[in-house]
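Chemist: Let the sequences and hints guide you as you build the complete structure.
Number of protein chains: 2
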Amino acid sequence: MDERIRKHADVLVDWSARVEAGDNVVLSVGPDAHELAVAVAEKLGERGANLLATYSSGEVTRAYLQAHDDEFDENPSHERALMEETDVYLSIRGGRNTSATADVPGKTRTAHRQARDEIREARYDTRWVSTVHPNRSLAQQANMAYEEYQEFAYDAILRDWESLADEMANMKELLDEGSEVRLVSEGTDLTMSIEGRTAVNSAASVAYDSHNLPSGEVFTAPAATEGEVTFDVPMTLRGDAVRNVQLEFEDGEVVDYDADQGADVIGDILDADEGARRLGELGIGMNRGIDRYTDNILFDEKMGDTVHLALGRAYDACLPEGETGNDSAVHVDMITDVSEESRLEIDGEVVQRDGRFRWNWDDE
Amino acid sequence: MDERIRKHADVLVDWSARVEAGDNVVLSVGPDAHELAVAVAEKLGERGANLLATYSSGEVTRAYLQAHDDEFDENPSHERALMEETDVYLSIRGGRNTSATADVPGKTRTAHRQARDEIREARYDTRWVSTVHPNRSLAQQANMAYEEYQEFAYDAILRDWESLADEMANMKELLDEGSEVRLVSEGTDLTMSIEGRTAVNSAASVAYDSHNLPSGEVFTAPAATEGEVTFDVPMTLRGDAVRNVQLEFEDGEVVDYDADQGADVIGDILDADEGARRLGELGIGMNRGIDRYTDNILFDEKMGDTVHLALGRAYDACLPEGETGNDSAVHVDMITDVSEESRLEIDGEVVQRDGRFRWNWDDE
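In the order they appear, the protein sequences are chains A and B.
Using my numbering, read the first sequence as starting at 1 and increasing by one per residue.
Using my numbering, read the second sequence as starting at 1 and increasing by one per residue.
Worth double-checking, as some hints may not be accurate.
Claimed, not checked - Which residues of chain B face chain A? A few of them, derived with a C-beta cut under 7 Å, are:
| # | residue |
| --- | --- |
| 1 | Asp-2 |
| 2 | Glu-46 |
| 3 | Asn-50 |
| 4 | Thr-54 |
| 5 | Val-60 |
| 6 | Ala-63 |
| 7 | Tyr-64 |
| 8 | Asn-75 |
| 9 | Pro-76 |
| 10 | Leu-82 |
| 11 | Thr-86 |
| 12 | Ala-139 |
| 13 | Gln-140 |
| 14 | Pro-320 |
Just so you know, these hints were derived from the structure itself, not from any lab.
Glycine is no exception: its CB is placed at the ideal position from the N, C-alpha and C atoms.
Modeler: Quick look at the structure:
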């Protein structure tokens, strides 16, 4: 076995999910994530955890959903009972075709999703972590050769997370103490209030309220957004390419939008509900193991030299106890490159210039 | 998709498991059984059943067991809760190496198995059915070309089950009414009591208390076994080849054993627990779609011209209401060829001679 797969399993089990003896673990395995599943199983055996593996296949899901009449039973009790007794839910994604469910109608997906709200909540109550096994299908999505993609993915995943968490703590502290953020870049001059909000140091570990591996971002929930922003990182949203999306905010809401490509998709998203016109997230990418865009949000939004904003739902972790932030059925991240002629200010002080953080300026 | 895969799914879901709308189904998928899983998922969607797929991989199990210290938690509650809420458990086996767990120590397997007795009981309380997806690894185990093996397997699986069930009813009647069975063949002269026991007409459907697809055997739970038996059908047990196993019984228990090959494995099995030294099953193979040994117990024991016996656990279906039969953590089937110079007697009357049944003698 490729030694990197074992290291990936080590990070997932020990750093990310903090698995201990006696933990009831569900390991959700994609059809082409077998090798990582073997490495994770070995690690779970070492830790004395209790392993149940589930099979997560887009093709199986597609066949089931296509044949169903869309009248789904609410929260089937066998899956709910499983999830309620689960301490740790590890999802290792990796199919053979990232478009495996492309022809399942939206209303079928929505009906299936809505019928499973309690199962989903129970899963979010576990120490859940989602990761991907870098395989050929994901390499293809990223326009990379297989071995090239493996190097890319493991560079992002096999980091010194403890040291990255320490660095990200600087940014969290600045955001927690600050009241207003200003982002300036080409086509962007945006101010947001972060007064009273708590930033998440997303260090790829449940110990940091962080549930993705890789991670490497610090994010918070902004409000009262004013100004304009351009998202120049290319991406695919709902199956459509979008390029250079521009948004204009007044009183926290989008009042105008445009895009070089995919403006229709942006319009649809903004029309989803009231909350879809406001920001739910400001995130600062700090994982320098990620050195290029691959049109996979799990990686792209964590990349160093980028800042991302999400239209829609805010995460509870960023809000004062008991307070609910921006509410919406959508949460759509878009990314802007801040590597050149850019600055991020907190309460008038520059904390990031041309992608470099204040605490690193002396080294350069 | 090969039309035979869809037919296999039809037989499994409708004839074997009698799946209905609202059933909570667990589909246990082997790593190389994906195509059948897709066909079964489609069928389950049509029926309006609730699908949860689990991943059953010998390599994952091996990695977990090898790394574990053998102090397994008793009946982990997440898996037990799942099984207790499950109506139908469908196991579609098919890995890439039938020897995937060959180097897991016997004591580890036994400890793991013993720690899961309640989960196993809960699974046996469902409408469970076990089948295989004919793949290259199984073809190799059977010493067959892949396409040859597919034909072999589908001949066994895609039968007219209703008509086979009718023929098997004859044998069930003889066994139900009889008190003592005697099996005589080369190296075999064994008597067993079947007084008060109920035979199962194993017609590959839960409606017949039959849980394997293919099936095609009639079996009961013998007691008070006396004499000697030779299992001349070659097979692999726990990863090791065994050849010509000989057992000697007194007062229902094995008092001596030997084998041309694999005697150690037999010794390990007999030492598993007290019940492992007694018989749990006498079965008569009646599926003439199976025309050769393939070292796969699911097929071999159903073959016409064979009789098999199992050390260990007896099936409750064979016992009077409320009575428990031979109890054990193991159930290990071994097979003897009765096609030549053999006879099966019930209460002194020959019912099968050289593989042919009494009700067919007139035809020959």
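Chemist: Compare the structure with each hint and give your call.
Modeler: Going through the hints against the structure:
no.	hint	result
1	Asp-2	violated (15 Å)
2	Glu-46	holds (5 Å)
3	Asn-50	holds (4 Å)
4	Thr-54	holds (5 Å)
5	Val-60	holds (4 Å)
6	Ala-63	holds (4 Å)
7	Tyr-64	holds (4 Å)
8	Asn-75	violated (9 Å)
9	Pro-76	holds (4 Å)
10	Leu-82	holds (4 Å)
11	Thr-86	holds (5 Å)
12	Ala-139	violated (20 Å)
13	Gln-140	violated (19 Å)
14	Pro-320	violated (32 Å)
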